[in-house]
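On the provided structure of chain A, position chain B as indicated by the hints.
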Amino acid sequence: MLLTIDALTKRYPTGDLALDAVDLQVPAGQVMALIGPSGAGKSTLIRCVNRLVEPTAGRVALDGVDLTALGSGALRRARRRMGMIFQEYALVERLTVMENVLSGRLGYTGFWASWFRRFPRRDVEQAFRLLDRVGLAAMADKRADALSGGQRQRVGIIRALMQDPQLLLVDEPTASLDPKTSRQIMRLIVELCEERGLAAIINIHDVALAQQFARRIVGLRGGRIVFDGPAEALAAPQLTAIYGEEDWSQTIRRAEPNEEEAPAEAVA
Amino acid sequence: MSGTTFDAVAAARAWRPPPLITAPLLRYAIYLGALLYAVLALGSVEVNWARAAEGIERAGRFLAGFFPPNFLSKRDDIVEGLLESVTMTAVSTALGVALSIPVALGASRNLAALPVYLVCRGIIAVSRTFQEIIIAIVFVAMVGFGPLAGTLTLAFATIGFMAKLLAEDIEDIEANQAEAIRASGASWFQLLAWGVLPQVRPRLIGLSAYRLDINFRESAVLGLVGAGGIGDTLNTAFDRYEFDTAAAVLIVIILIVLGCEYASGWIRRKVQ
Chain A
38 MLLTIDALTK RYPTGDLALD AVDLQVPAGQ VMALIGPSGA GKSTLIRCVN RLVEPTAGRV
98 ALDGVDLTAL GSGALRRARR RMGMIFQEYA LVERLTVMEN VLSGRLGYTG FWASWFRRFP
158 RRDVEQAFRL LDRVGLAAMA DKRADALSGG QRQRVGIIRA LMQDPQLLLV DEPTASLDPK
218 TSRQIMRLIV ELCEERGLAA IINIHDVALA QQFARRIVGL RGGRIVFDGP AEALAAPQLT
278 AIYGEEDWSQ TIRRAEPNEE EAPAEAVA
Chain B
-12 MSGTTFDAVA AARAWRPPPL ITAPLLRYAI YLGALLYAVL ALGSVEVNWA RAAEGIERAG
48 RFLAGFFPPN FLSKRDDIVE GLLESVTMTA VSTALGVALS IPVALGASRN LAALPVYLVC
108 RGIIAVSRTF QEIIIAIVFV AMVGFGPLAG TLTLAFATIG FMAKLLAEDI EDIEANQAEA
168 IRASGASWFQ LLAWGVLPQV RPRLIGLSAY RLDINFRESA VLGLVGAGGI GDTLNTAFDR
228 YEFDTAAAVL IVIILIVLGC EYASGWIRRK VQ
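Protein chains in written order, with the working numbering: chain A, 38 to 305; chain B, -12 to 259.
The shape of chain A in the complex, shown without the other chains:
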């Protein structure tokens, strides 16, 4: 098992219980969608994995290493294996595209080397190869805030890949994007995960997108897991359990026209 989460609990200083003894296991190479209403604890869950948020109790292990027990130096080394992709892209806007991509290598680079931007040649090569793959090689020296939303998210994805991760933690990657770009971004993430054998936890609002691109779906409500199963098993009763009472017939049907993708996924 790549990622093992045991009884993970997070209570914020305000008293809000964001996670209530969550157990979750993610095998290597599995792309998993985490759905649930706003405030269900999705963001907190993935931030507790790389400890951007300190869990209150419980245990998180990546590849057998107990992340919750690590000191700051060891935690930084462990974070290199967990790439993170953000809702609002979280690129450093005043830096160039290339600098943003190379910031994925900070965990492998000494302070002064990173201060003078003297990254190893093969890191820069890798950065150009990945930028070219998403059609942004010509933008390398543009400032990040000159890019469109979809382009920024591609840069964000590449930054995470530069870390040479085993696991991607993806927080609402499409929430700020239009429907077409959303699908392109989700397809890119899933493709890259398959190519490189990466596992991913993808927080996502859009149930149809989750069903289209992830084979396993976990539903979170009020800090507890209320559904864990294959994408096909998600139907009206399960959605009611996750989100509450609503007419779900349209939501589920919306994924149907895009079903041409499904057979390809089943093979892969």
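Note that these hints are calculated values from the structure, not bench results. Just so you know, even glycine gets a beta-carbon here, dropped at the ideal spot from N, CA and C. A portion of the hints provided could be inaccurate.
One side of the interface only, derived from the structure: several residues of chain B facing chain A at Cβ under 7 Å [to be verified]:
#, residue
1, ALA37
2, ASP159
3, ALA162
4, ASN163
5, GLN164
6, ALA167
7, GLY172
8, PHE176
Simulated restraints on C-beta separations [what the hints assert, rightly or not]:
#, chain 1, residue 1, chain 2, residue 2, range
9, A, ASP178, B, ALA250, 27 to 33 Å
10, A, GLY108, B, ALA162, 30 to 36 Å
11, B, TRP175, A, ASP201, 19 to 25 Å
12, A, GLY76, B, ALA25, 49 to 55 Å
13, A, GLU269, B, GLU161, 52 to 58 Å
Just chain B, lined up with the frame of chain A:
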């Protein structure tokens, strides 16, 4: 939805913009109090018009002494004072900015732990509480007359000014950009260099340029308490009743302040 019972026209006619102070009693009490105070205050002013008339005549003679400004007879003193002021300004700004950066980092609640935060906010408060003249008097007493006292004064004042404004900017950074850098496994110093510095650099440069401008102006004042610079030259000229030389010094100060202001404005526009 409840269109049958709700009369939008009547509601719109009755609607008034919300007043600044909600409670009407308090509102009128404050207005009335302010009016009463203005009347009483004006009534208590005593002006001795005869003395004022005399004073105006004396002021006229005093000002006439300024003309024509004399740049030449004390030229060496003016040049020396000016160079001293410029040196004090440059050194104190560089020193003050360098020292203010760690204080600013410590005074940012999003980066520093609470004890560090309180200490750094304390340093800022102390530096900002006292006017430069008072600090200069203390430094003159400590290190003696001359530009060293002035330089230390300006550096000290720069710390409070820069650290406070820079800390505000650091607290306003986009947290998710810094979070992304942290998530990559970056160390604390890398977080500062990659996640924080790019976001605050325009403000850091702009504030430094602005402070350079302020420090020159202050350096002209500090001479009055013996802390060196062109203020010393000005003070000496007044003491010797050489009003024409004093006028020349004032003109030089005005020109340099204008130049500094224009330059710092230009720098700030460029980096924003």
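Evaluation of the provided hints:
1. ALA37: This hint is violated: B:ALA37 lies away from chain A, its Cβ roughly 65 Å from the closest one there, beyond 7 Å.
2. ASP159: violated, 14 Å
3. ALA162: Interface hint status for B:ALA162: violated (9 Å vs cutoff 7 Å).
4. ASN163: This hint holds: B:ASN163 lies near chain A, its Cβ roughly 4 Å from the closest one there, short of 7 Å.
5. GLN164: holds, 5 Å
6. ALA167: holds, 4 Å
7. GLY172: holds, 3 Å
8. PHE176: For B:PHE176, the interface hint holds, since the closest Cβ of chain A sits about 5 Å away, which is under 7 Å.
9. A:ASP178 with B:ALA250: 27 to 33 Å: holds, 29 Å
10. A:GLY108 with B:ALA162: 30 to 36 Å: This hint is violated: roughly 24 Å between Cβ atoms.
11. B:TRP175 with A:ASP201: 19 to 25 Å: Hint holds: Cβ distance 22 Å, inside 19 to 25 Å.
12. A:GLY76 with B:ALA25: 49 to 55 Å: holds, 54 Å
13. A:GLU269 with B:GLU161: 52 to 58 Å: violated, 39 Å
When the structure is compared with the earlier hints, violations turn up for hints 1, 2, 3, 10 and 13 and for no others.
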